[in-house]
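*Asks:* Both chains come to you apart, so use the hints to assemble them.
Okay, here's what each chain looks like letter by letter:
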Amino acid sequence: MKNLLKIISLDWKSATRSPIWHRKLLINAFLALTFIYLIGNLLVLGIFLDDLLMKIPVDGVDYNTYGPSFVLRRLDRYLIYYFFLDFIIRYFMQKLPAMSVEPYLHLPIRRSSLVHFMLVKTIWSPFNLFHFILLGPFMVEVFSNLPFEQALGWVSGMALLIYSANFFLLYIKRTSEVDTRIYIGLLIALAALIGLHWYAIVDFNAISSWVFDSFFLHPWLAVICLIALLGSYGLNFSYLRKNMYLSRISRSGRNEVSYVGSGILSRFGLVGRLTELEFKFIWRNKRPRSVLLITVLFLGYGLIVFPQAEYAGNYLMYILFSIIITGMFMLNYGQYLLGWEGTHFDHILTRNISFEHYYKSKFLLFAIVSGVAMVLSTPYAFFGMKILLVLFCVFLFNIGINTHIVMFFGSMNPKKIDLSQGTVFNWQGVGAAQFLLVVPVLGAPLALYGLGMLFWDELGAVLLIGVVGLIGLAGTRYWIQLLALWLKKQRHEISNDFRNQ
Amino acid sequence: MEIQFKTLTKKYGDYTAVSVDDLSIPSGESFGLVGNNGAGKTTLFRCLIDLIEPDSGCAMIDGQKTRETEQWKRHTGSYLDENFLVGHLLPEEYFDFIAAIHGIGESDLQLRVSSFEPLFNGEILGGKKLIRDLSKGNQKKVGIAAALLAEPKVLVLDEPFANLDPSTQIRLKELLKRLKHDRGVTMLISSHDLSHVTDVCERIVLLEKGRVIQDIQTSGDTLKDLETYFARVGSSSVQEEAQ
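For the record, the sequence lines run as chains P and V. For what it's worth, my numbering labels the leading residue of the first sequence as 1, then goes sequentially. For what it's worth, my numbering labels the leading residue of the second sequence as 1001, then goes sequentially.
The following block holds chain V by itself, in its conformation from the complex (with noise of 0.2 Å):
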């Protein structure tokens, strides 16, 4: 499924979060998103699913607005922070409403569940911790997992490496994948690792201050070139606020 943004954007007083013109992400393509804190990664992603409302312009999955229309809802797996679990529950009551929500069955639940099992690595299943309980990372796979439970076609996450552990991260980045290559996900993923970011994503859109600064398929070279536009950028805007 298509992934739109059309002359998005999102102020907050005189401050522009958000501005995105044109940019279109094609049905299965794997998608990264990257730029330093404030960039507006994360207001970019909450737009697209319907989170906040924008002051202008709008996002679009499937050709449909977000902003109007649920349907989007049914294909779009998302995670972005902890107000996307209910911390009362525990992981598996948390999977069984997710799997009611779509109408999965209880043998196919029980089936992609366990499926997980390597992300979750021992950790989640089986445990008597409501989901609050659980440390970030642990959060962070229930959260995943959530988001891939209904076998999405687009699947929105942001800083999904972030308080993993290394396990985790390389199991995450082999699924990611697999799920582009054998079910043609459409991905949008930020991150603030580089090497992770450029690793699974086809290809890389930069944002500095809201706006589209960079939109590189990536290649052998990426992560250098990326690794030198940030450590220019955080000087050259030290700079600027210096004066």
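Isolated chain P, as found in the complex (with noise of 0.2 Å):
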């Protein structure tokens, strides 16, 4: 018991002295107001959560049937839905508890009190938060509209169900991390799931029901919960404690990697040998490939705005999401250009690689992937030859003006980056210079938009984009040269800033 106390306490030392802290107040301001943002809408949301649910359209069922509990029926209707979606939120998002337990294996310390610690913490988890937060205005009311041994039983019975849902989470991300087929058993679950729902084979609103239902008409069955809950902490539990050795834990991801010798690139001399190198780093480190990842997601963001007759002809929204169509890349990847090269960053300073060919070779990744993603995204000329047009012409402005941009404000200021973490809710690397970064990249096309029509029509602003994309292009070498001088004046600051980070 001691020893568990000194472990919380060395753990909130860990907490406390992380670097997130030594951050720029200004990041951190931005980042609490978000989740303040956040919190509010999830608590407003719980609020009206009643009201929401009374105006779904439901036939054939009768308020009076129910009496005071027919607004938890309706919500009951929908809750299998709820835990699912939350259920694949947390498998994406929801970190896995990490401790650095290495320090502490060779100690005089019990295992499984390390094992409890790890897993009891996972508690304060928001992503168990989060419910109480949107289902706490409910579960008031549920208490106050039926009798009391009723709304104990529902309301503990979701508690319960939450945090069995957290555990079995853990347990299944840790087990599927590990072996694929997990992995390939849950996607086709999913498939499976959908295609029950889609072809209207089972009816999961009548299983939700009479499961969630069952919560309030029969409180003892909150018992069941306790008993998943126990269940799925106890497979968390035994599954940790036989996994917990050093070999195990540390570097998961330690994958044999085959030998890939020069390709085409080549061709391009040094310059796209260096740019090899980037695609080598992009696919062998997690965090770059979540990003390429997102950049093929995004390919479909303009299905959102293309095809809908309220934007037609709306060349405001076709802009801008056409410059993230085809620089979506170059936004998420080139806002931390140099974070990335952390680790090797001296390699870069003491070999014999100009900033003009470092600057070159991440011009021309940008360049090839803008260029796939706009081949890519031609199929949009389906929804008119005006929408190919707009992407062709921000197109050009990406790759001409944007790229160089991006460049500078991705040279700025640069934190290392941990390349073993995922995207997903990682802020390192993030600074003021990737919050400003968006002003430009998206203002500038749009502010010569404004300027066009003042002059032309939309197809002559639009034009107006692509000649100044074309004209930027056009000074490609100027641009880098510009940034290498700029490069050279700071590159001992930079290297300093990521030795001692």
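Some hints here could point you the wrong way.
Just the calculated beta-carbon pair ranges, DEER-fashion [as the list claims (entries may be wrong)]:
id : chain 1 : residue 1 : chain 2 : residue 2 : range
1  : P       : Leu482    : V       : Gln1064   : 20 to 28 Å
2  : V       : Gln1217   : P       : Asn28     : 51 to 59 Å
3  : V       : Lys1065   : P       : Val120    : 41 to 49 Å
4  : P       : Ala447    : V       : Ser1024   : 35 to 43 Å
5  : P       : Asp457    : V       : Lys1065   : 57 to 65 Å
6  : P       : Glu177    : V       : Asp1021   : 53 to 61 Å
7  : P       : Ala447    : V       : Glu1106   : 49 to 57 Å
8  : V       : Ser1024   : P       : Lys13     : 29 to 37 Å
9  : P       : Leu436    : V       : Asp1014   : 52 to 60 Å
Everything labelled a hint here was simulated from the structure, so no lab data went into it. Where a beta carbon is used, it is the ideal one built from N, C-alpha and C, also for glycine.
*Replies:* Listed below in structure tokens is the structure:
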């Protein structure tokens, strides 16, 4: 017990001494505001949840049939979807409780108390607390509407279920990261569920009602939820206890890699070689790889706007979405341009690589990815050739002007990035530059459009964006020289920062 | 190629990390740098290869200031720490890339890489581990090999013997001696291992608090002298701190 308290205090130190507190105040304030905003949204949604539920038209059910439990029954109809969504969100976003146990393993602390500590800590995970913010007001209402034991049965059942979901997910996630068969199994199960729902083979609403209604109809069922909770906790406990050895926990992602020689890009000389390295870098590291994945997903971003009648001829929207479609990668990856190189920046400085080569290789990378995105998004022409024209002009602007803007901001005051972490909720590397970056990248094309509208029609304004992009493209060599000069001035400071981070 | 430091100082606040008035290493000399932690060895190296901007003075390779030119990068091989490695590559891919930078052809590269095989001891080539997943010692082998790959005229190594297994230490010493003898490479080596450094280097400079304390031509007595010095220095600095 004394040991456990000691561990808790050490863990607290690791949280309070985390590098995030050394970030600029501005960024932390921004993040705090975002967080408060999100919580506020959830709270408001929670408070009006009952009103919203009353508005859902459900045929054939009379309000008077069930009396005070009516709203609750309505909620119960959809809870299965709620937990399903929760599961998916948790799977992708919730982090496994990681405590660097290595420093403790050789000490006389019982293995099981370390495991208990790691697991109990997840109680405070935002993914659990969010539920109580959202459902909290509703739970209070349940107590005022229903007899006490019924309300207690439902509320405690829900709470226990939320935590069962927490531990069950942690178990699934942990095992599926080690064993891909589980991952594939999950995908199949997901597809099966969607199929069953799509073809209305199974009435999930009825199941949901049956399960969750019984929580208040038979309050003692909460005991089953308790068993589920203990069971899922036990699964985690025994798994972690068995696998808590250095070799299994540390560096789980130590994959075997095959030699990849130089490819077609080496025809571009050293610049091409550097670009190839960059592609290897992206593919072999978790966080940049997820950036690439996000880029692919955002190719479909245009579907939100282009087919909609209400946005027809809304060129501002077209431009905005086009910037993202072909520019997602350069924005998302390029904002940390130097941060990615934090671990081998000294290599770049001491080798015979000029900064111009360096920036040229980055430019080539962005041009290639944007070009591929442009080609892949040509099917948007289906919604009108004008959309294709906007996409193409904005693409020219992206590689002609925005690449250089992004490279400049990405080289400002870079932070070293830990490559083994994913992108979700990962604020490492974020600085003021990353927020400011969006202003010129999105603002400049819109401003150009506005300017063009003063003299010509929409088409002329869109063409202006493309022409400016072409001019920027023609001056690529010059921009890159400027960037190289700038980096040359900053090089000592940057390499020093990286070494001390 | 000659290496020179001229009135080079580097301060961090009030703390003087390096203050070297005039130190030159003639072409082809094997030069060892010893000193306790915080003596300024690595800082001096970083100033030399332009990773740190000195507050005053300069470092020169072949008569050119390393801060202002980039020519020296063609002839200088260096390995200080893991920041010099590209972790997401296989050792072979890393060597490929270094070769591309220096315009070394495919067959030449194969020849040079295989010449490091005694140093690698079968642990580096043909594996499927990325550099970042290698052990510290194996990373060092890759780093040293990469520094030597372009047949540099100047070689800068920080603690090359640390973390290496005994066989590799011995082979590395042989390799360094051969490089000096056959190709006249100017070498700058720092080490905490006094016996290795006296074995390899013909001249040894002792740093303390960023200053050159002793400048010795290695002889039979050097190792013993250094050992007595370090035994004494440790205790005297403890006394100073106590005061």
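*Asks:* Each of the hints needs a verdict: does it hold here or not?
*Replies:* Taking the hints in turn, this is what the structure says about them:
1. Between Leu482 (chain P) and Gln1064 (chain V) the C-beta distance comes to about 25 Å, which sits within the given range of 20 to 28 Å.
2. The hint said 51 to 59 Å for the Cβ distance between Gln1217 (chain V) and Asn28 (chain P), and at roughly 57 Å that hint holds.
3. The hint said 41 to 49 Å for the Cβ distance between Lys1065 (chain V) and Val120 (chain P), and at roughly 60 Å that hint is violated.
4. Between Ala447 (chain P) and Ser1024 (chain V) the beta carbon distance is about 58 Å. The supplied range of 35 to 43 Å is therefore violated.
5. Between Asp457 (chain P) and Lys1065 (chain V), the C-beta spacing of about 59 Å keeps the proposed range 57 to 65 Å intact.
6. A hinted range of 53 to 61 Å holds for the C-beta pair Glu177 (chain P) and Asp1021 (chain V), which are about 57 Å apart.
7. Here the CB-CB span from Ala447 (chain P) to Glu1106 (chain V) is close to 51 Å, well matched to the stated 49 to 57 Å.
8. Against the hinted window of 29 to 37 Å, the Cβ-Cβ separation of Ser1024 (chain V) and Lys13 (chain P) comes to about 49 Å, which falls outside the hint.
9. Checked against the given bound of 52 to 60 Å, the beta carbons of Leu436 (chain P) and Asp1014 (chain V), roughly 35 Å apart, lie outside it.
The structure is inconsistent with the numbered hints 3, 4, 8, 9, although it conforms to all the rest.
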